[in-house]
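Produce the complete structure using the sequences and hints provided.
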Amino acid sequence: MESRGVRLSVRTFVFAFALLLVGAGFLAAGWWLRPIADAQQAVRDGRLQQALASYGVAEKHFASMPLAKRFMPNLYDLVVTNELSALYTLKQYDEVIDKAGATGTRGSNFWAGCALFAKGDLAFLTPDKRMKWLSQAQQEFRRAVENSPSDFDAKFNYEVTA
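Our numbering applies: residue 1 is where the sequence shown begins, and numbers increase by one.
Please note that a few of the clues may not be correct.
[To be verified] Derived lysine-lysine pairs resembling DSS-like cross-links, with alpha carbons at most 25 Å apart: (1) K119 / K99; (2) K99 / K69; (3) K129 / K99; (4) K132 / K155; (5) K91 / K119; (6) K155 / K119; (7) K132 / K91; (8) K129 / K119; (9) K119 / K132; (10) K91 / K155; (11) K155 / K129; (12) K60 / K91; (13) K132 / K99.
[Claimed, not checked] Label pairs and their calculated CB-CB ranges: (14) R7 / R47: 49 to 59 Å; (15) A102 / R7: 52 to 62 Å; (16) F13 / N147: 31 to 41 Å.
Worth flagging that the hints you see were computed from the coordinates, not collected in a lab. The model shown is predicted, which means the values in this text are computed figures rather than measured ones. Positions of the beta carbon are idealized from the N, C-alpha and C atoms, including for glycine.
Structure below.
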């Protein structure tokens, strides 16, 4: 007795295989982007420590795939900027300044300026030290305005520190 199987044309097989690859690509992208979505939700819920952990995982993903930074610079900027914002909200100013200097993203100058300004606003500083912090903050805000000329917050903060 002869077995009758279903025969697929080559065209159908290639189409099904292409769909399989596309589906696998979407699954991989979902896995890769999941920490960013988790971090955004944690920020909305006010869980900033958890958001920082998720942003850290997202940054590791970018570090493991350098081409991702190149082809998705806006997404990388979003991750770093939101991480800096969370650190600033938690008043971890030294970490903001260090991280902003290390990443060099667009938003990093703004958040470094904010952290430097906050450090310069401390009551126990001598006038000379206060001016040093505020001068550095002004430089960072100037860079932020250069990077994003339409950013009202950067312009306003630059004028305040001037």
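Status of the hints after comparison with the structure:
{"no.": "1", "hint": "K119 / K99", "in the structure": "16 Å, holds"}
{"no.": "2", "hint": "K99 / K69", "in the structure": "16 Å, holds"}
{"no.": "3", "hint": "K129 / K99", "in the structure": "22 Å, holds"}
{"no.": "4", "hint": "K132 / K155", "in the structure": "20 Å, holds"}
{"no.": "5", "hint": "K91 / K119", "in the structure": "10 Å, holds"}
{"no.": "6", "hint": "K155 / K119", "in the structure": "20 Å, holds"}
{"no.": "7", "hint": "K132 / K91", "in the structure": "20 Å, holds"}
{"no.": "8", "hint": "K129 / K119", "in the structure": "10 Å, holds"}
{"no.": "9", "hint": "K119 / K132", "in the structure": "10 Å, holds"}
{"no.": "10", "hint": "K91 / K155", "in the structure": "22 Å, holds"}
{"no.": "11", "hint": "K155 / K129", "in the structure": "24 Å, holds"}
{"no.": "12", "hint": "K60 / K91", "in the structure": "23 Å, holds"}
{"no.": "13", "hint": "K132 / K99", "in the structure": "20 Å, holds"}
{"no.": "14", "hint": "R7 / R47: 49 to 59 Å", "in the structure": "55 Å, holds"}
{"no.": "15", "hint": "A102 / R7: 52 to 62 Å", "in the structure": "59 Å, holds"}
{"no.": "16", "hint": "F13 / N147: 31 to 41 Å", "in the structure": "50 Å, violated"}
Hint compliance for this structure: hint 16 alone is broken.
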